[in-house]
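Chemist: Here are the chains, one letter per residue:
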Amino acid sequence: MMMFYWIALAIVSTAFAGLLYRLVKGPTVADRVVALDALGISLVSIVALLSLITETEFFLEIILLLSILSFIGTAAFAKFIERGEIFDRDDNR
Amino acid sequence: MIQIVEYAGVILILLGGIMAVISAFGILRLPDVYTRSHAATKSSTLAVLLSLSGTFIYFWASESFISVRLLLGITFVFLTAPVAGHLITRAAYRSRVKLADSSTEDALEEVLRKAEEKIEDVTEDDNDPEQPPN
Numbered sequence: 103m104m105m106f107y108w109i110a111l112a113i114v115s116t117a118f119a120g121l122l123y124r125l126v127k128g129p130t131v132a133d134r135v136v137a138l139d140a141l142g143i144s145l146v147s148i149v150a151l152l153s154l155i156t157e158t159e160f161f162l163e164i165i166l167l168l169s170i171l172s173f174i175g176t177a178a179f180a181k182f183i184e185r186g187e188i189f190d191r192d193d194n195r
Numbered sequence: 102m103i104q105i106v107e108y109a110g111v112i113l114i115l116l117g118g119i120m121a122v123i124s125a126f127g128i129l130r131l132p133d134v135y136t137r138s139h140a141a142t143k144s145s146t147l148a149v150l151l152s153l154s155g156t157f158i159y160f161w162a163s164e165s166f167i168s169v170r171l172l173l174g175i176t177f178v179f180l181t182a183p184v185a186g187h188l189i190t191r192a193a194y195r196s197r198v199k200l201a202d203s204s205t206e207d208a209l210e211e212v213l214r215k216a217e218e219k220i221e222d223v224t225e226d227d228n229d230p231e232q233p234p235n
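First to last, the sequence lines map onto chains D and Z. When we follow this note's numbering, the leftmost residue of the first sequence carries the number 103, and every step to the right adds one. When we follow this note's numbering, the leftmost residue of the second sequence carries the number 102, and every step to the right adds one.
Since the hints were made in silico from the structure, they are not lab data. It should be emphasised that the depicted structure is a prediction, and the values quoted were computed from it without experimental measurement. Glycine residues also receive a C-beta, built at the ideal position from the N, C-alpha and C atoms. Mixed in with the good hints, there may be bad ones.
[Unchecked claim] In silico DSS-like links for lysine-lysine, alpha-carbon gap of 27 Å or less:
{"no.": "1", "chain 1": "Z", "residue 1": "Lys-199", "chain 2": "Z", "residue 2": "Lys-219"}
{"no.": "2", "chain 1": "Z", "residue 1": "Lys-215", "chain 2": "D", "residue 2": "Lys-127"}
{"no.": "3", "chain 1": "D", "residue 1": "Lys-181", "chain 2": "Z", "residue 2": "Lys-199"}
{"no.": "4", "chain 1": "D", "residue 1": "Lys-127", "chain 2": "Z", "residue 2": "Lys-219"}
{"no.": "5", "chain 1": "Z", "residue 1": "Lys-143", "chain 2": "D", "residue 2": "Lys-127"}
{"no.": "6", "chain 1": "D", "residue 1": "Lys-181", "chain 2": "D", "residue 2": "Lys-127"}
{"no.": "7", "chain 1": "Z", "residue 1": "Lys-199", "chain 2": "Z", "residue 2": "Lys-215"}
{"no.": "8", "chain 1": "D", "residue 1": "Lys-181", "chain 2": "Z", "residue 2": "Lys-215"}
{"no.": "9", "chain 1": "D", "residue 1": "Lys-127", "chain 2": "Z", "residue 2": "Lys-199"}
{"no.": "10", "chain 1": "Z", "residue 1": "Lys-199", "chain 2": "Z", "residue 2": "Lys-143"}
[Claimed, not checked] Footprint (simulated), chain D over chain Z, 3 or more residues, beta carbon under 8 Å:
{"no.": "11", "segment": "104 to 117"}
{"no.": "12", "segment": "144 to 153"}
{"no.": "13", "segment": "202 to 214"}
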């Protein structure tokens, strides 16, 4: 049973390496942010597999934190690419 | 019985890994940002949903531990990953990232240009000091 989890971890790590290549190579900033978002999501499944391999349920909080942080980071990057600023202030309008 | 449920979890996890590889392959091979984001949002979300469901089923079957945090994580990823993909694609289009050369039609370009011209006209009228305000 444990062998399947190691195999799944190896497969997901292969996907992770491919995403890292796109993160370094990506021609535009938007490409890099798309790759970063997908990296955060596959990091979530890597943490789930690690918690299966070590047989603890203490890693499961990290899943929630990572998904929230990845979403907030992507939203901030999207706003930065679109307007050049992250925070809206009322006196700027 | 427990063994069968654990094997169901293992099958879900392996399917999740295969979906992750397919999505990474799409991100590597597709030609521009928009098609890449198609690969990154849909199949990555499916991959992580399958992996987390497999983990949930494993902990449920082997230790009879129902993890609410895992369920919350599944819901949150399912809600936010498509939204994040939409946000980043919209930002890429509005910052004029080019489409791939093989794409044939851009229906949004004309509409967006008209809207931008309208916005510029309105701001010019507001800044014009010679015209009296109505």
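Chemist: For each hint, tell me whether it holds in the structure or not.
Modeler: Now for the hints, and whether the structure bears them out:
The straight-line distance between the Cα atoms of Z/Lys-199 and Z/Lys-219 is roughly 23 Å, inside the 27 Å bound, and the hint therefore holds. Between Z/Lys-215 and D/Lys-127 the CA atoms are separated by roughly 34 Å; this puts the pair beyond 27 Å, and the hint is violated. A hinted pair counts as satisfied when its Cα atoms are at most 27 Å apart, and D/Lys-181 with Z/Lys-199 qualifies at roughly 18 Å. Among the hinted pairs, D/Lys-127 with Z/Lys-219 is inconsistent with the structure: their alpha-carbon atoms are about 38 Å apart, more than 27 Å.
Taken as a hint, the Z/Lys-143 and D/Lys-127 pair is honoured in the structure, with Cα atoms around 22 Å apart against an allowance of 27 Å. Pair hint D/Lys-181 plus D/Lys-127 holds up; C-alpha atoms about 22 Å apart against a cutoff of 27 Å. Our distance criterion of 27 Å between C-alpha atoms is met by Z/Lys-199 and Z/Lys-215, whose separation comes to about 19 Å. Proximity of D/Lys-181 to Z/Lys-215 is assessed by CA-CA distance (about 22 Å); at most 27 Å being required, the pair is judged to hold.
Taking the CA atoms of D/Lys-127 and Z/Lys-199, the gap is about 17 Å. The hint holds against a cut of 27 Å. The straight-line distance between the Cα atoms of Z/Lys-199 and Z/Lys-143 is roughly 22 Å, inside the 27 Å bound, and the hint therefore holds. Restraint check on the segment 104 to 117 of chain Z versus chain D: 5 residues with Cβ-Cβ distances below 8 Å, three needed, restraint holds. A stretch counts as covered by a chain when three or more of its residues have a beta carbon under 8 Å from one of that chain; for the segment 144 to 153 of chain Z and chain D the count is 6, and the coverage holds.
Remark: the segment 202 to 214 of chain Z is not confirmed as covered by chain D, as 0 of its residues place a Cβ nearer than 8 Å to a Cβ of that chain, below the required three.
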